[in-house]
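6 protein chains.
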Amino acid sequence: MSQQLKIALPKGSLQEPTLSLFEKAGYNIYSSDRGLRPSSDDSDLDIYMIRAQEIGRYIDQGFVDCGITGYDWVYENKVDLEDLAELPYSRASTRPTRWVLVVPENSEIQTVQDLEGKRIATEGVGITERYLAEKGVSAKLEFSWGATEVKVPDLVDAIVDVTETGSSLRANKLRIVDELLQSFPHFYANPNAYRDDWKKEKMDRIVMMLKGALEARDKVGLKLNLPKSALEPVLEILPSLRRPTVSPLADGDWVAVETVICESIARQIIPDLKVLGAEGIIEFPLNKIVP
Amino acid sequence: MSQQLKIALPKGSLQEPTLSLFEKAGYNIYSSDRGLRPSSDDSDLDIYMIRAQEIGRYIDQGFVDCGITGYDWVYENKVDLEDLAELPYSRASTRPTRWVLVVPENSEIQTVQDLEGKRIATEGVGITERYLAEKGVSAKLEFSWGATEVKVPDLVDAIVDVTETGSSLRANKLRIVDELLQSFPHFYANPNAYRDDWKKEKMDRIVMMLKGALEARDKVGLKLNLPKSALEPVLEILPSLRRPTVSPLADGDWVAVETVICESIARQIIPDLKVLGAEGIIEFPLNKIVP
Amino acid sequence: MSQQLKIALPKGSLQEPTLSLFEKAGYNIYSSDRGLRPSSDDSDLDIYMIRAQEIGRYIDQGFVDCGITGYDWVYENKVDLEDLAELPYSRASTRPTRWVLVVPENSEIQTVQDLEGKRIATEGVGITERYLAEKGVSAKLEFSWGATEVKVPDLVDAIVDVTETGSSLRANKLRIVDELLQSFPHFYANPNAYRDDWKKEKMDRIVMMLKGALEARDKVGLKLNLPKSALEPVLEILPSLRRPTVSPLADGDWVAVETVICESIARQIIPDLKVLGAEGIIEFPLNKIVP
Amino acid sequence: MSQQLKIALPKGSLQEPTLSLFEKAGYNIYSSDRGLRPSSDDSDLDIYMIRAQEIGRYIDQGFVDCGITGYDWVYENKVDLEDLAELPYSRASTRPTRWVLVVPENSEIQTVQDLEGKRIATEGVGITERYLAEKGVSAKLEFSWGATEVKVPDLVDAIVDVTETGSSLRANKLRIVDELLQSFPHFYANPNAYRDDWKKEKMDRIVMMLKGALEARDKVGLKLNLPKSALEPVLEILPSLRRPTVSPLADGDWVAVETVICESIARQIIPDLKVLGAEGIIEFPLNKIVP
Amino acid sequence: MSQQLKIALPKGSLQEPTLSLFEKAGYNIYSSDRGLRPSSDDSDLDIYMIRAQEIGRYIDQGFVDCGITGYDWVYENKVDLEDLAELPYSRASTRPTRWVLVVPENSEIQTVQDLEGKRIATEGVGITERYLAEKGVSAKLEFSWGATEVKVPDLVDAIVDVTETGSSLRANKLRIVDELLQSFPHFYANPNAYRDDWKKEKMDRIVMMLKGALEARDKVGLKLNLPKSALEPVLEILPSLRRPTVSPLADGDWVAVETVICESIARQIIPDLKVLGAEGIIEFPLNKIVP
Amino acid sequence: MSQQLKIALPKGSLQEPTLSLFEKAGYNIYSSDRGLRPSSDDSDLDIYMIRAQEIGRYIDQGFVDCGITGYDWVYENKVDLEDLAELPYSRASTRPTRWVLVVPENSEIQTVQDLEGKRIATEGVGITERYLAEKGVSAKLEFSWGATEVKVPDLVDAIVDVTETGSSLRANKLRIVDELLQSFPHFYANPNAYRDDWKKEKMDRIVMMLKGALEARDKVGLKLNLPKSALEPVLEILPSLRRPTVSPLADGDWVAVETVICESIARQIIPDLKVLGAEGIIEFPLNKIVP
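Protein chains in written order, with the numbering used here: chain A, 1 to 291; chain B, 1 to 291; chain C, 1 to 291; chain D, 1 to 291; chain E, 1 to 291; chain F, 1 to 291.
It is worth saying that the hints were derived from the structure and are not from the lab. Heads up, a few of these hints could be off.
It does not matter which identical chain is used: a pair holds within one copy or between any two.
[What the hints assert, rightly or not] Below, simulated DSS-like cross-link-like pairs (lysine-lysine); rule was C-alpha separation at most 25 Å, straight line:
#1 LYS6 - LYS118
#2 LYS274 - LYS200
#3 LYS219 - LYS274
#4 LYS200 - LYS140
#5 LYS274 - LYS24
#6 LYS78 - LYS6
#7 LYS228 - LYS140
#8 LYS78 - LYS140
#9 LYS24 - LYS140
#10 LYS6 - LYS24
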């Protein structure tokens, strides 16, 4: 084991989707329940499971070479890292995490300006400070240890909290006043580590595979047989995610076409392909796409 | 959102397999636990989750344009709907729901004629009435609110109940006297709605995709390399679900063949293909087949 | 139902992975929780669910024609069976079961020789007897009904127990002194049954499909488009699990290449393929591979 | 087994609290999951598990001698039974089931009169018919097979549904227009069966024990030592659920007092008793109280 | 920690009821999931969790001083132990474990004599050998590793298996031919250990408390107020589990009576007590009874 | 609702034991899963569920009148509150929470002095700062967002973390260097609120009932009949938690004795009582004890 890449992955709500993304990308990580140091089937990797809030700090200090954590926490911690890629996944959906300024539905607060002199609770004190400074508003900020949503209006006037879909906010009868930030996980590197040739190449390969797996999430493969005469109009309506493969068939008047499309396009385009004369259409699943 | 298709899907035991079928067909439906009105990733759809027993009624009255429900409940409700397709899936298997006339194993009742003047409990009062009328038998019918199987012989002489596999009947020491009906889910439309061009095309596309997903359930893709000389005998034994694609290989004496077969055929045919000289046989999963 | 093959599958910890392997191989087995005699979608099969420890005995006595059980239990039982194939899967990983001689971390016992006159508990009395005889060591062996790991050092001096990963041993502060045996499941036949033509062919087909499913576990399909000029260097770096298919594309300067590789190779090779000029790389899952 | 009492208990949401009440009353009923005919440790009882909706019908027809079911379903079925006792328990709380007329929060319907000509869905068609007749309102009633709450406003204008706490209604943004009925379980007898001496005495004993167990639910026993001089003021503030027992103590200036009070009174009265000079106050749980 | 009592408790299906019995007896045992050596709140105890099958062997060999295990396994192992008490509890009920000779419902075997020359599978080879010897029957016995019930009739002609309620046998369509043994857990001591004064006294105390807790299982305390004149007839009908306490009340014409009765008697006697003039009857739970 | 007491209870790991303690004390709190403001059956109470870390702050600021939280967090926050009672319960046992300085088993750090210049992670930055200042040690402290135990030795040199039993520390191969603090929950009041007569009396009553419920946890009631002659020696060995009640019995030579003892004493004393001639000993459970 000559050289290893120290990589930090987030414990907590992002843990399962992150490990599952690595598995789709071809890296199996064997994570016990509480372990900080899971093993994997790639002996080049030295993996640390760390809270998302702290990953930026440990990359910045050089304790790990690189890692995946939310853009929000890197912004909160004001650390300066090499940003290799945005990875558009999240804990339960494909929507970004949103940091929002929230008040009770029936609060008199309508804009951030109305918060002058008021009390705000948040887990993201740094994010909120920078936002308020930018808006020229002065308010009392307090760090919240959790269960932030239930603190308005009894304990504070407003909160800054995280949401993906807003449904939890609606259930608590809260209203969004403003959005401070949208955030997806990113792959960050320590600038010094990224200058090391071996580490740089290793990180670039991992990023390529992670993006390939994300790219394939909502895509499917499509094969169909076509009368040669229909080839041109079919190629016109096929979206060009990937150069379609056209192969001759035994029956010389027909060709086989194979391509990759979005699954949500498939339900639109398959009926149209039938109209154009396609036969034997089959759709099959994909693991990865590297364009 | 100019125009929308109101579509009813069954709550209850068919809910999970129905939503899963839509997902395979390319439509993601986001259904909260109790919600009547789930959202989806197709903004053309306005979805209602309704009990299977009531869907026919609401399509008939025009509250929704179309929907999926069992043939049995449409028959029970005696409503007159446009029947676009039978969809051969069920709650836990691929077997149809069967409505059966059932008595205790040791009952003296041997045929429906023996029920003259007897008491019958059932959730399908309409189905049973029509069956008895047809057989010329007169019996006392009572609506059962559930747990019908345990009512014989203490509370009634016979029951008409639903079964897929018969195993629950055997466990309760019951005997089937006759079968009244077999039923799969169908896609039904309100006749007026089906006369609307936009709605008709939308329904037809959905039905095509649902059938494509069902078609692919037990099918697999198969690829293999063949000496050219073996092509003819191989094509002969390959079942003709779809025109096989034959492609030349770099080595001019060999060709690549690709086709689609039933998974249960694969276990028969792969050993035979080996005997005929096939090499590099791979089998891969499919999402949809539109012949 | 003219002729049937009596086949024994292991109840207990190997049950789930075995049934799942059969499903991947194309045989669906409908197993109720406690049932000895599950049904399947292949009416040629007459299936028995039996404890792994007893399967060898029942094959040997001719109560069943063939079955899957661990090599270790066949060795323990000293029965003489036809060994058709090793099937490299296990209860929770892809590692073999290991029978190991174990003592407490701080025990004075360093080698098997130190066990002279000592007490050993094990579920594998036969395996241990043969091992000790071979080593020329005489010790007191007692059959353990389970929970063997916790018996040292209070009740016995050493144990012979089963482990896959060793993690449970470490958690109990135990040390491995020696390894007696490594064992995977095998497909065994009764020698007389294997002389029957129909049964022999049936068994061989099943073994071929099981091996095909195991073969596909960690493999993926790979397709890519290439400039013709890059074909030769690409074919050089592609591992040769299966003859790659090379097809012409509409654009005559490009070809499509399709092959099968190990998933763990994919993460190495895809970046290299990009460097060589590959485009539109897609990776797709496989069900079976029969080379 | 000379004579037996046929008694019906409710399957479904009342099943667990009913069996648990019988256990507290001293009758252990061994109920398998789906069984209609559980056994018990009182061989005088012949027990039927039947849906609450149907119990009244089967008591009325004489298939069973007596049973426990909600007052609401007896009212719905318009059967004439001997009403031996109201038993104030419910599925999840100690509050009665309420049948309420419900509309969406923002509906224009304010009183039952506004329902003239409107559509109403309900599982209690009889209850609703009688209520509307009494109010002189004519509306279209349809039987709901379940999931009634989600039908307004898309499928019907109003519903009549069951609630205990109203919280599910609030979560669905519904408003209560009127309450039709409050209902607890009752112990009902068939009038003929109640004329049989043996059966009457058996039913009366069961009712006494059920009421004794319900009575003890929120009560506790209380013991304390008192200076004789404090006895009078203490007896004055002790609620008179049961004649307190006053016993002499070894120290002739002190007496021991024992009584039964509501648990919610205990938290009020114990501090007051301390002020009056009580010592060694202990509170202990009760199983049954028969006053 | 001068002296300790080594005591073995059964792992497996008896574990939970045994630890729960000790808790009721006043000994809290802190048992981790797999641990052989749990701690407790009585530092005199050195506890071993061992399989019920092996406890007799380890008591006999002197590895532990005493333990609780089924009479059946001591009989199976033919060891000679001091039998301090039968403890009538079991894994899921209060019925003894029964070892029964079992055949398929439709087997031709009617008595043990019909087993001459037949095959029998059992986990209790010793128990079965002694039973067959006593009956003068010679059969082929094989040790069963589990799932014994499903082996008839395919693999063996009969089984000897354990049952509490017989329900699992009925579900498997099996018929009991004979009963070999009934067995409850016993408290056994090594004869030498029982000669040690300190150990003997410790064991006797534990046995007294275990029996006290078992004694209280189905008993309840009962208090009531009575007119003095009714005292004699009431004392006559009260079962004499324990001398009733009769105390004077403030009102000199009344007395308070307190006693202990079986819970199943309570439901009979309370109505009778009411008839005799009792008032303020309360029933309360008990932890232990030492007569 | 004239006046109410605002009381804060801890969300998180202390939530269940706290609500359960209130229930035993006679206050039923109806807590939905996430709700900050549960209702209760005492309309005098206005309840807030808040993180234990924040309760001290909100009592200090006067947002609530009183609350229950760990002594540790009040110490961490350096707030000055009225301390009404220590309540000796905890999340999973009856042991206090311990804040301990922890290093890896094989670390060179032996005393707190060895931490000079080292890195320490902790959730209790205030507690640790005050401890280090007291010891005259200067180290780098960083706030840990959780999963603190797994940070040594890779990310920090030592941690200050919370433990009840130390078992999690042992499982992680950590060693305790020093203990900073032991902590139980306390009932704290805001000094101003405690000066309000109504609030003071309300708080004092609640504290009395909470302590009464805690007091009864490990106690039991004991009744026995005695020959008069044995009364004196028995009273001598009975522990004096509460003045025993001695009542005459019908048989004038006997008396009934009733008392309260620790459950762990019961197993010692009952055998001794038997020796002294006691009969009919019964032990019964208690809800509360107010001495």
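Going down the list of hints, with the structure as the test:
Proximity of LYS6 to LYS118 under the C-alpha cut-off of 25 Å is restricted to the inter-copy arrangement: shortest distance 22 Å between copies versus 43 Å within a copy. Proximity of LYS274 and LYS200 under a CA criterion of 25 Å is satisfied inter-copy only: 17 Å between copies versus 48 Å inside one chain copy. In this homomeric assembly, LYS219 and LYS274 come within 25 Å of each other (Cα to Cα) both inside a single copy, at 20 Å, and across copies, at 20 Å. Taking the shortest Cα distances, LYS200 and LYS140 never come within 25 Å of each other, neither inside one copy (44 Å) nor across copies (31 Å).
When the C-alpha separation of LYS274 and LYS24 is checked against a cutoff of 25 Å, the pair qualifies only between copies, where the shortest distance is 19 Å, while the shortest distance within a copy is 33 Å. Proximity of LYS78 and LYS6 under a CA criterion of 25 Å is satisfied intra-copy only: 21 Å inside one chain copy versus 39 Å between copies. Taking the shortest Cα distances, LYS228 and LYS140 never come within 25 Å of each other, neither inside one copy (71 Å) nor across copies (61 Å). Taking the closest pair of Cα atoms, LYS78 and LYS140 come within 25 Å of each other both inside a single copy (21 Å) and across two copies (19 Å).
Taking the closest pair of Cα atoms, LYS24 and LYS140 never come within 25 Å of each other, the shortest separation being 45 Å inside a single copy and 40 Å across copies. For a Cα distance limit of 25 Å, the shortest separation of LYS6 from LYS24 inside one copy, 20 Å, qualifies, whereas the shortest one across copies, 37 Å, does not.
In this structure, the hints that do not hold are numbers 4, 7 and 9, in rising order.
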